[in-house]
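With the sequences and hints as input, model every part of the structure.
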Amino acid sequence: MADNPQVQTRHPRPLSPFLTVYRWPVTMATSITHRVTGVGISAGLILIAWWLVALTREPEQYDLFVWVVSGPLGQIVLFGFVWALAFHLLNGIRHLMWDMGYGFKVPTANKTGVLVVTLSVLLAIGVFVFAHMEAGVGAPL
Amino acid sequence: MKLETPLHRVQGLGAAHSGTTHFWRQRVTAAALVPLTIWFGYAVLHLIGAQQVMVLSFFQHPLNMALMGLFMLAATVHMVLGLQVVIEDYVHTEGTKILLLLLARGMGWLIGATALIALFSMR
Ligand code: HEM
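In order, the protein sequence lines correspond to chains A and B. Residue numbers for the first sequence follow the numbering used here, beginning at 1 and rising by one. Residue numbers for the second sequence follow the numbering used here, beginning at 1001 and rising by one.
Because the hints were derived from the structure by calculation, they are not lab data. Treat the hints with caution; some may be incorrect.
Here's a subset of chain B near chain A, in silico, CB distances under 7 Å, partners left out [to be verified]:
(1) A1030
(2) L1036
(3) T1037
(4) H1046
(5) I1048
(6) V1055
(7) L1056
(8) Q1060
(9) A1075
(10) M1079
(11) G1082
(12) A1115
(13) A1118
(14) S1121
From chain B, some residues computed to sit far from chain A (all C-beta separations above 12 Å) [stated by the list, open to error]:
(15) P1006
(16) L1013
(17) G1019
(18) T1021
(19) Q1026
(20) V1044
(21) G1049
(22) A1066
(23) T1076
(24) T1093
(25) I1098
A few chain B residues that don't get close to chain A, going by computed Cβ distances all over 12 Å [said to hold, decoys possible]:
(26) R1009
(27) H1017
(28) S1018
(29) L1063
(30) G1095
As the structure is a prediction and not an experimental result, all values here were calculated from the model. Even glycine gets a Cβ: it sits at the ideal position worked out from N, Cα and C.
What follows is the structure, given as structure tokens:
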């Protein structure tokens, strides 16, 4: 009779593959990151809506928004948002190219994956360096 | 042996009864968001450090107001479609799933409507 899989063996093995079992190929990492950044930007849209509303209100209301986004926590959130948007945009273009049938070979998909990650980080850093040069440290947006 | 009825096959709507509609809308909004997001990035960089009145006058320009409105519209529609997939992938209890799907839609409408009303009120 076959061994009962419920009984612990000397070297217990996962009964069904779980996340921690897999290697992390570039394509898998970028796929999951696309999802995480998608959800992240969704939350970020609230920030943009707040910005637009604050613009229509009294100066105190707008100053409050500027104060929150230019504070340390605000800047960390903003950097995350900028990077997430950059990644999702670039990787989204990668997705749309796949949908049209381009870049599906594994070596190509790996290369474009590394490219998207690299470019998104550079883009986010570039935006922040530009922002701080434009506005002076501590007062962007 | 085919278990699918000829009518079902010819309707082409599949198991979810909505065919490729969701997939297609996700792609159309994504494609629209490529130029719109690049424009949004340009707008924000352009406005960094600007006073409230200057930002306001930027959005009062009809082209900028239209582009910002389109960006928020495409983004919120795309967001609701995207979050729907994530929820359907991870949540398998019917009640919680329906609740979260409604929440995602509600957030989409709330963010979209708030942004559009704020924009229009700038005129
Ligand atoms: C601007 C606000 C945006 C928000 C809130 C947003 C949000 C999301 C979310 C939540 C998903 C679902 C992720 C998943 O199913 O794993 C998604 C998917 C997707 N997004 Fe976005 N996104 C935005 C912008 C963009 C842009 C600029 C592009 C550029 C092409 C894009 C392309 C895509 C594509 C192609 C998918 C489908 C991916 C798949 O089927 O696995 N998105 N988005």
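Hints versus structure:
| no. | hint | result |
| --- | --- | --- |
| 1 | A1030 | holds (5 Å) |
| 2 | L1036 | violated (10 Å) |
| 3 | T1037 | holds (5 Å) |
| 4 | H1046 | violated (9 Å) |
| 5 | I1048 | holds (5 Å) |
| 6 | V1055 | holds (6 Å) |
| 7 | L1056 | holds (6 Å) |
| 8 | Q1060 | violated (10 Å) |
| 9 | A1075 | holds (6 Å) |
| 10 | M1079 | holds (5 Å) |
| 11 | G1082 | holds (5 Å) |
| 12 | A1115 | holds (5 Å) |
| 13 | A1118 | holds (4 Å) |
| 14 | S1121 | holds (5 Å) |
| 15 | P1006 | holds (30 Å) |
| 16 | L1013 | holds (21 Å) |
| 17 | G1019 | holds (16 Å) |
| 18 | T1021 | holds (15 Å) |
| 19 | Q1026 | violated (10 Å) |
| 20 | V1044 | violated (8 Å) |
| 21 | G1049 | violated (3 Å) |
| 22 | A1066 | holds (14 Å) |
| 23 | T1076 | violated (7 Å) |
| 24 | T1093 | holds (20 Å) |
| 25 | I1098 | holds (19 Å) |
| 26 | R1009 | holds (24 Å) |
| 27 | H1017 | holds (23 Å) |
| 28 | S1018 | holds (19 Å) |
| 29 | L1063 | holds (16 Å) |
| 30 | G1095 | holds (21 Å) |
In summary, the numbered hints that this structure violates are 2, 4, 8, 19, 20, 21 and 23.
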